[in-house]
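Peer 1: Chains as they are written, first to last, in numbering that gives the first Met the number 0: chain A, 0 to 423; chain B, 0 to 423.
No lab work stands behind these hints, which were simulated from the structure alone. Warning: the hint list may mix true and false statements.
Identical chains share a label here; the pair holds if one copy fits it or two copies do between them.
[Claimed, not checked] List time: in silico DSSO-like cross-link candidates among lysine-lysine, alpha-carbon distance up to 27 Å:
1) Lys-317 with Lys-55
2) Lys-127 with Lys-205
3) Lys-25 with Lys-358
4) Lys-30 with Lys-63
5) Lys-129 with Lys-277
As the structure is a prediction and not an experimental result, all values here were calculated from the model.
2 protein chains.
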Amino acid sequence: MNLMTADRASLEAMRQDLLAKFEACKAKGLKLDMSRGKPSKAQLDLCEGMLTVLSKNEDMFEGKTDTRNYGGLEGILSCRQMFADMLEVPVEWVMAGGNASLTMMYDTMMRLWVFGAPNGTPWCKEEKVKWLCPAPGYDRHFTICQQLGMEMITVPMLDDGPDMDMVEKLAAEDASVKGIWCVPKYSNPEGKTYSDETVRRIATMKTAAADFRVFWDNAYIVHHLSDDQDSLLNIFEVAKEAGTEDRILEFCSTSKISYAGAGVGAMAASPANIEWTKKIMTVQAIGPDKTNQLRHVLYFKDAKGIEEHMKKHADLLKPKFDMVLSMLESNLGGTGAGTWHTPKGGYFISFDAMPGCAKRIHALCKEAGVVMTGAGATFPYGKDPQDSNLRIAPSLPPVEELEAAAEVFCTCALLAAVEKRLEA
Amino acid sequence: MNLMTADRASLEAMRQDLLAKFEACKAKGLKLDMSRGKPSKAQLDLCEGMLTVLSKNEDMFEGKTDTRNYGGLEGILSCRQMFADMLEVPVEWVMAGGNASLTMMYDTMMRLWVFGAPNGTPWCKEEKVKWLCPAPGYDRHFTICQQLGMEMITVPMLDDGPDMDMVEKLAAEDASVKGIWCVPKYSNPEGKTYSDETVRRIATMKTAAADFRVFWDNAYIVHHLSDDQDSLLNIFEVAKEAGTEDRILEFCSTSKISYAGAGVGAMAASPANIEWTKKIMTVQAIGPDKTNQLRHVLYFKDAKGIEEHMKKHADLLKPKFDMVLSMLESNLGGTGAGTWHTPKGGYFISFDAMPGCAKRIHALCKEAGVVMTGAGATFPYGKDPQDSNLRIAPSLPPVEELEAAAEVFCTCALLAAVEKRLEA
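So here's chain A without its partners, still in its complex pose (with noise of 0.2 Å):
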């Protein structure tokens, strides 16, 4: 039934049929959790083998260098050349770091703020710092900005990447706009890949700020459901034919190749701010986890390795990405209840609620047991100017427990329009 054709009395009775059944999701006390993008423990279980390619002292060396000793703040060369295959870039352009590429981008974006840019001024000691957040994006990357002040700018994310137009518009006119998150490949919470107009606009455009910077979070690279795959623009090509390469800061991790809490992380930029960033980074930090590095490329080898390795876990995510969007479809097909689109990787299917419906049907999720990322989080400060974005994270649960939490979610997102409907 079309909820934006049906008649009053229509609605009154499906809202009776659908709090039936919220109550009977209810009464099953279900304890599910689709909020975050976590990997499930099928897919952990996946790297069992790399706990046991470090287990001699004389396993310990990478050539010369005894990765359990201080030092080798970039990381060490092997690992830096996993990454640098991976994201198609000269060695010399990448440092692997610690556990968590969040916390380069942070340390990154607190090098800007509290010393500058090289040759720019400390972004602190200005008098205002925009950022543009393409929305519905990533909520940890707003919140970065937010922590420290800055204001942030909703640009739409439009079918091909964030509205170029805009971007290119406030990125030219305006000095105090210093940047722009970017998830350029299967974007958090869409799955959107970046167009290679997009990505040339990008990196090509006038910006007024000399210090614009791009983060380039390349969070899921290599992060396919199936054979079926996005292909992305390598940024740092056409930037470096455009002479723009400084602007672009890439990150990447193994949060999601390995293990998500003790992964490697890692960073490629131009030589400049390779330079920069070791220059700062060097009173931080004596060095990485080499070991755990050292661990990674024994383990998966080389960026082969890893392509081959995101196979099992394609096998293990796309029952599931397909068992949501097929419930979607069944539950609320054509009712104008909401629409989302069939993403080709990345870790989240992304839901546009009936307008004002997003927080009723967080809520009633929550209700029945079901803990979905918060309305609104996909948004800049947390606010969703449509009340409509939700952000399925289908990877976690097992595939029968999912299906119970979909059941959940399709139930209220239903009740939510059908009660939006009948205030109307």
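Could you slot chain B onto chain A? The hints should help.
Peer 2: Relative to the frame of chain A, chain B by itself:
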């Protein structure tokens, strides 16, 4: 021969002897490194068993916590408990972090700098921030202050810790004095341990700044060289009585217990400071490498296990310290070329050369293939007013190499002193 009383002819003859000896040293083509407090391969080898405590998927849990997944900003409970027992504080006061307490100190300083202490102004907004630096001290501490543009005030180290009359006066009278660096046990580089009285005075002194912070870097807390050990008063006990516990931030790590580059760092602080840390840190990180923390807990079991393990380090380190000290005594004793003392723990022997000789000794050693920590490094801004202090780090080289290095050092120290006397 006492150089201070020797006549010119004797000095001249001695110089010729020493120059010949120096050339003989050079001819050996040594390449030895005594610059940093790095554990030796033999020390790192002690922990081989830690590599295999996690070898199966089912090993990866701490209770219900899957250490491989995201989360747990404060570290896993059992690891925090191990540090809590070591530091003699409640487990709620402890956060276990990544591979470096240096990074935890830097990040804490950065939080104070950018966001301010609880209820405080961000230090970056203050007109001036001054910091008390007991010296000789740890160069990496000083570099943090220098990077942020703080004004470092050198406080002389006495036998029982920093000159507390000076510390108390500066802290009480000047509100821009925001804190002090302390390595209270087996201090870097002198190996001195603060007396109970010094600890009490630091914990209870009046401070003009309400947000004064003591960075209590307890880096060598269990790093004894034998059973003849120093003991340090628990500063939190005193501070709690005085109601000043928010002033203290304590740091330590397993860098010189397990692996220098792949250990676990920890911070102990009052509940108010822990809450403040987590509130800011949650934007920077999702959680530390809990898997490596679990590895440590399973291997060492508890604080007692660490204590036992440290005896093996002592067995390796003590002969090296003894050898260097005996070389110093036999070559330099009674000459007036320098003074030193005999630490009961830590990683260094601090050598006070005849004033005006440290840089020269450093250069001579380098010429003969022995790399020492830079002269002056143990003082703020790298400037030793007396050009006298040198830090000897005996841990890294095998004992035979160390003997060669110590011979070079003694030769250079004597030569520099003789030269200095001949200038007079």
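Peer 1: Does each hint hold? Answer for all of them.
Peer 2: Outcome of the hint check:
| no. | hint | verdict |
| --- | --- | --- |
| 1 | Lys-317 with Lys-55 | between (38 Å within a copy, 26 Å between copies) |
| 2 | Lys-127 with Lys-205 | within (20 Å within a copy, 38 Å between copies) |
| 3 | Lys-25 with Lys-358 | within (18 Å within a copy, 76 Å between copies) |
| 4 | Lys-30 with Lys-63 | between (51 Å within a copy, 15 Å between copies) |
| 5 | Lys-129 with Lys-277 | both (26 Å within a copy, 26 Å between copies) |
In summary, this structure violates none of the numbered hints.
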